[in-house]
Each structure stands twice: as C-alpha cells, then as structure tokens.
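Going down the list, the protein sequences come from chains A and B.
Counting from 1, one number per residue, gives the positions in the first sequence under this note's numbering.
Counting from 1, one number per residue, gives the positions in the second sequence under this note's numbering.
In case anyone wonders, no lab produced these hints; they're calculated from the structure.
Check before you lean on any hint, since a few could be wrong.
When chains are identical, the list treats them as one kind, so a pair holds in a single copy or across two.
[Claimed, not checked] Listed below are the simulated BS3-like cross-link pairs for lysine-lysine, each with C-alpha atoms no more than 25 angstroms apart in a straight line:
1. Lys52 with Lys9
2. Lys51 with Lys9
3. Lys227 with Lys112
4. Lys112 with Lys225
5. Lys29 with Lys9
6. Lys190 with Lys137
7. Lys356 with Lys296
None of the values given here were measured: they were computed from a predicted structure.
There are 2 protein chains.
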Amino acid sequence: MADTFSELKPPARVLLGPGPSNVHPRVMKAMLTPVIGHLDPEFIAVMEELKKLLRTVFRTDNELTFPASGTGSAGMEMILANLIEDGDEIVVGVNGAFGARIADSAERLGAKVHKAEAEWGRIIEPATVEHALKQSKKPKLVAIVHAETSTGVHQPLEEISAIAERHGALMVADAVTSLACVPVEIDKWKIDACYSCTQKGLSAPPGLAPVTFSARAMEAVRTRKSKCKSWYLDLAMIANYWGESRVYHHTAPITMNYALYEALRVVIEEGLETRWERHRRNAAALHAGLSAMGLKLVAQEGYRLPELSTVAAPDGIDEAQVRAALLKDYNIEIAAGLGPFRGKVWRVGLMGESCKRENVTLLLGALEQILTAMGAEVARGRALEAAAAAYAEK
Amino acid sequence: MADTFSELKPPARVLLGPGPSNVHPRVMKAMLTPVIGHLDPEFIAVMEELKKLLRTVFRTDNELTFPASGTGSAGMEMILANLIEDGDEIVVGVNGAFGARIADSAERLGAKVHKAEAEWGRIIEPATVEHALKQSKKPKLVAIVHAETSTGVHQPLEEISAIAERHGALMVADAVTSLACVPVEIDKWKIDACYSCTQKGLSAPPGLAPVTFSARAMEAVRTRKSKCKSWYLDLAMIANYWGESRVYHHTAPITMNYALYEALRVVIEEGLETRWERHRRNAAALHAGLSAMGLKLVAQEGYRLPELSTVAAPDGIDEAQVRAALLKDYNIEIAAGLGPFRGKVWRVGLMGESCKRENVTLLLGALEQILTAMGAEVARGRALEAAAAAYAEK
Chain A
1 MADTFSELKP PARVLLGPGP SNVHPRVMKA MLTPVIGHLD PEFIAVMEEL KKLLRTVFRT
61 DNELTFPASG TGSAGMEMIL ANLIEDGDEI VVGVNGAFGA RIADSAERLG AKVHKAEAEW
121 GRIIEPATVE HALKQSKKPK LVAIVHAETS TGVHQPLEEI SAIAERHGAL MVADAVTSLA
181 CVPVEIDKWK IDACYSCTQK GLSAPPGLAP VTFSARAMEA VRTRKSKCKS WYLDLAMIAN
241 YWGESRVYHH TAPITMNYAL YEALRVVIEE GLETRWERHR RNAAALHAGL SAMGLKLVAQ
301 EGYRLPELST VAAPDGIDEA QVRAALLKDY NIEIAAGLGP FRGKVWRVGL MGESCKRENV
361 TLLLGALEQI LTAMGAEVAR GRALEAAAAA YAEK
Chain B
1 MADTFSELKP PARVLLGPGP SNVHPRVMKA MLTPVIGHLD PEFIAVMEEL KKLLRTVFRT
61 DNELTFPASG TGSAGMEMIL ANLIEDGDEI VVGVNGAFGA RIADSAERLG AKVHKAEAEW
121 GRIIEPATVE HALKQSKKPK LVAIVHAETS TGVHQPLEEI SAIAERHGAL MVADAVTSLA
181 CVPVEIDKWK IDACYSCTQK GLSAPPGLAP VTFSARAMEA VRTRKSKCKS WYLDLAMIAN
241 YWGESRVYHH TAPITMNYAL YEALRVVIEE GLETRWERHR RNAAALHAGL SAMGLKLVAQ
301 EGYRLPELST VAAPDGIDEA QVRAALLKDY NIEIAAGLGP FRGKVWRVGL MGESCKRENV
361 TLLLGALEQI LTAMGAEVAR GRALEAAAAA YAEK
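The whole structure should be built from the sequences, with the hints applied where relevant.
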C-alpha cells in the first residue's frame, strides 16, 4: 500500500535561535494574498513598492535594491558571482563561520582570497584589513560580515569601508543578521553591495535575500569581461526584470514577496530607530539576567550584537541536553555553537518579533529551572531581578 | 514625508498562463502552519515526508530527491553546477527558450556544449541527439527539456535516454512544466537528474525546485576533481542537510516547504494517473474549441502538451491587446510568446488546479467575445459546442 501522509502539525515554538525568528501575524495573513503572475501589472506594482521599502530599510538610494530569489546565502552568492571574475584578488574578513563561507564561495568563483582574520568572538581590526589589502594586487573588493551569526560579534564597518575605498576596492557587507536589528547604513557607510535575509530582523519566513548594489558596483558588473558564472543569479538579466524593461528571467517567488512586503511595512511602521532601541533594551536585560545567573557571554565586550548572543555553557553541563529540554518542555528554540564553539556555546537570538520582554523573561526562567535541575553551578533567584532592573534603566 | 505603503490588494486571477497556476486552497491554508527552525526535529520529520512524497510524484526510488531552495531555474543550475566540470563536453537539446537556457547556463559553468537542435515548435529527434553525441569527446551528459514551455512541445525522453546511456552519458531532464501534468517516469526512463518547480503542475506558489538524482549522478558528483562552483547549490553539502547527518547548510524556506508538502498530498490523493487524464481531457476540449473557432495550434501535431498550448494569434490582430482585455475584463492571465514567437503566439496553460472544465469554458467564451469585438475572422458560436463534444467523448 502507498504511504499515507498526514496533515502538517508542527508545534508553535518560541524562536530564540539565530533565525528564523517568529513571524509577525500580519505577515502570515499577507501570505494568503492571491498568487498572481510574475509579469502581472499588479505584481509589478508590488515589486516597485518592495524596492522602495527595501531602500528605506537599507538606508540607501540605490536604484538596484530588491529581494533575490533564494535565502540569505543566495544573496551572498549573487553579489560574489556578479562582482568577481577569474583571478580577481579580494579581501575577506574571517572571524567566524559566515566570513569563512564568503571566502569559500569566492574561491569557487575564481577569486584569489586574502583573509583578514581574527579569533572567533573578536572583531576584525581595520589594520588587519588594510594589511590584507596591501598584499593584494588590484583588490576588487573587501567583504565583511556585519553581524557574525556564529559568534555574536557586531563588526564596525565604516572605517573598513573607508580603507577599502582608499585602495580602490568595492565594499561588500553581509547584513544577514543585522538588518532591522542594529543600524545598517548603506549610503552613509559607502557600502557597494549588501545582502540580508527575510527570517531574522524582518521576521518573515525564510526564502528571499534582500540585496542592494551601488552605482559603482553596477559599473563593475557592466564592465565584466566574462559572463557571470551563475545563470540563476546573473544580475544583468535580473536587473532587467526588476527594472523598467520587465524582461522575464525566472518566476519570482510571489508569496514570499508578499510576506516580505508586509514584514517591511511592519518594520517601517515601528520605525527603524525604535526597532534598534527595542533590540538594545531587550538584549541588555537578557545579558544582565544571564550574568546574574553566573553565565558568561562569549563575544568581545563592547561589540556584542543585541539580536544574537553567544553564551558559554557551564562546565560539566551537556549543552545539547539543555537545548533539548528547552525545546521539549518549553517549546523554546535556541541554537548550538558552530565550528570551534560546538558543544561549548549556545546561540540565543532576540530578533524582530521574537525580541520582546516576555521572551527574555521566559528564557531566563526556563534556563534557571533547567540548569538548576541539572545541578549546574548557577546563582538562583537573581536573573529575573537583574533583567527587571535593566528594563527599569533609562 | 516618508512614503506610505498600503495593504496588498492584488485581484484574484484565473491563471491560464505558463505558471504560476492557481494555488489549491489547502496549500494556502498550509502556509499558515507555524514557522519553526530548519533544524527542529519536527521540521526534519516534514523533510523526510517531503522526500517520500517527491519520490512518489517523480516515480523514483532515488534517495536524493528533495526541493532545492530556489525556483525551477535554480534546480537546473544545481544539476548543471554539480555535474559539470571545466571542459566537460555535453549535449543539450535546443528547440525553444528553455533548452537555450540550459545551454547558456552550462557554458557559464565551463562546459563545451554540443547542441541537438530542432525548429521551435518541433521535437528533437533522437537521431539528432545521437549525432551530437558522436561529435562529443567523452560526453558527460545529455540535457533535454521534457515540456518546452516556450513552444508547447511534449518531448519523448525514453529513446533519447537509452541513446545517452549507450554513449556513457548521464541523462538530465527538465520537468519544470511536465511534473504532475503528464507522465514523468524517472526510474523507468533511466533519467539521472531531473528538476521541476512548484508553481505549475503542483499548484503551490513558486519558490522551490524539486530535484532528484540517481546513484549514477551522485557518483559523478562524488568523484568530481574540482569543487562545485556554486556554494549555494553545492550538492555535497546540501545532501548532508537533507540526509542523515543534518549538517546546517542554509536556512530552508520553511513555509514554501509546507506549501509543497500540502500540494504533493493533494496530488497523491487525486492520483497521478487521474491527474494526467484530467489534463488530457481538458486540453482536448480546449484544442477542439480553439480549432472550431478557427485558431491554429503551433506545436507539432502528436506532440502537444496538454498543460501548455501555443496558439497562433489571428492575422491582423494585436495579440497583446487580446491579453490585456482578458486580464482587464475577465481577470484571466494567458502569456505572450517568447523569442521568435513574440507577438505571434499565445501561451495558454491548463496546469494543476487551473486545469478544469470551468476554465476551459470561460477562456473559450472570453476569447470569442474579444476576438469578435476586435473584428477578427473567427467562427462564431462553435467553440463551446466543440468543447462540450470533446468532453462527451470517452
């Protein structure tokens, strides 16, 4: 007999990992908007509004600002595949898994990569980037992760961008985990190409990669000597679809575009500054609570992302067991560490819709209960008070 | 003042173009399923079911059968990027826009492409493929479009697959417009790699590309000398996420996976054979009606796809004006011709949920009204009767 397949019945979770974050109810509703054709004038009107919405959130006037038809990593690959030609030398900041991913992708596309490295958990120093640039012959671009999701490090970009410009290199930023959580200033910081995702700060489901390209970046695309190695991500063709000529390239993921549209409306109604401040306040309370419990934060002090915290698991505690208990008994998702942080570190997200006082309170309470039951050496009865005190501060 | 952005209000359309087709109501409902993490055991359970569902629809036992995280063209690129290495010689069937797309993508990835060509609107003859194979040095693969969406041609695959095998080449098929509309028999026809989409025969929104790989194809992937040029589409890494080790690669588009799950359940509940027959019957009625009106079908007789018909616009009629009237006055989408068919041919889809008697009747009625009003020389009052007669046949 054939297999039978039951209705989908996954539980509702409190999503406090590195993404996806909880989806805003208005975004869920927007996904019921009728699917229409990707060349329908009514969908083209939505595309035009989407570009405006994304420009607002990216803080840019870049004409070519749109959602690429894949997840965040597809945005990364779109930028690299269109800017890099065989033999181009580039500089990539590597201080975690997502910087390493850029280097890997760029090498596959034919680049010679000079790594500007730092230890996991620390920022990349501008001097390190400058040094790598000096090793490069005609450096094509510098690519840096703004919010390193594997370490929780908040990388300052402005000084590095100025260094890249002095060396005649384009500045590329990974804003997958930063957009709509902390300031991302494409024009002010002179970032030439940037990619993000939908399922973190924007709180839509995963599936699209918002990207933006400066005129300088587009000039580099226009003057390529070779075709982009990716047909699917070829910017020259995709810009025709998202631009005035509307030439069909591929079928845009209509429903995900609706979801992103509504998510961006929600962000803009809240206001970017208000949203950044909300992330700051909730993270401060979480950090105060975790510290009061005796848990250690892993990312370099002064450069901690509010939306993604890395927390050292206490000695002698099986970190996976804690995550399993959070999931099973509280329906809370937090994430494991990657690479050198595997088995040692938790990654706790407070992103977009998930970033709220009730979730901070719930997580601190649940963690304290679980760790206490496991016999971990944590200070009891202090975390909630410390968090409340943090909220009480101006 | 900042721009204000209004609620999404696109109209409901009757989608009779080459995709997207109308989405099944149950699929819309499934998209409201809570988004959970891409590594959540509950999502992993959904992934396992999805693989089984896709194997059923592809008629294969291939272990590696899953939805790639992009639209149909991403599925194409995934297969090419993972099977092709620099300098590999391949044979590509080109008799329309989508065969040409395969050739373009493969060349960007470093292949030397031998084209097996036919006129737009005609099938590729097996002898042409054999000839191209004989021109190739150690041909790596033969890639053919099963349902050429630009011409409406239904390409027989089994004989070409046998020829590919005799020449030691892998057989790759584009089933973007054929899956769940006409028989697609991966195992029986010995197809080594195949890609499709979600928004045509399956009637889910666009956003994923179901793919399947035979053991022989995976052996070719495993024994590559160079890394796959695409990080995003690297099958070795993605197979780890979709396979037992569950290593994180990218964040799967959760909601689109839910949509696909439900769409596949609907397909399997109807039964593939029943679904194929439904497409055959409705297309027969549409074709009878169009012919009775005096309109000409463009694709080679005997090789016409039921799910996608190419229809010549009558002489002296502005085909774009007809499409505009269908959209404006009836909310019906049909599509323009591509390439050499631009301005001359309509593309009419009857796919998945859109493939039903009420839509055939509506379209015939609307076309007759519009063409008559435009003064086209069409036979009046005959189309509906001819369609009814076709339905009355066994």
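Hints, verified against the model:
In this assembly of identical chains, Lys52 and Lys9 lie within 25 angstroms of each other by CA distance solely across copies; the values are 17 angstroms between and 37 angstroms within a copy. In the homo-oligomer, the alpha carbons of Lys51 and Lys9 lie at most 25 angstroms apart only across protomers (17 angstroms), although the nearest pairing inside one protomer, at 35 angstroms, exceeds that limit. Within a single copy, Lys227 and Lys112 get their C-alpha atoms as close as 18 angstroms, and across copies as close as 15 angstroms, so both meet the 25 angstroms cut-off. Proximity of Lys112 to Lys225 under the C-alpha cut-off of 25 angstroms is found in both arrangements, the shortest distances being 17 angstroms within a copy and 19 angstroms between copies.
Taking the shortest Cα distances, Lys29 and Lys9 sit within 25 angstroms of each other both inside one copy (19 angstroms) and across copies (12 angstroms). In the homo-oligomer, the alpha carbons of Lys190 and Lys137 lie at most 25 angstroms apart inside one protomer (22 angstroms), although the nearest pairing across protomers, at 49 angstroms, exceeds that limit. When the C-alpha separation of Lys356 and Lys296 is checked against a cutoff of 25 angstroms, the pair qualifies only within one copy, where the shortest distance is 22 angstroms, while the shortest distance between copies is 62 angstroms.
The structure fails none of the hints (numbered hints given earlier).
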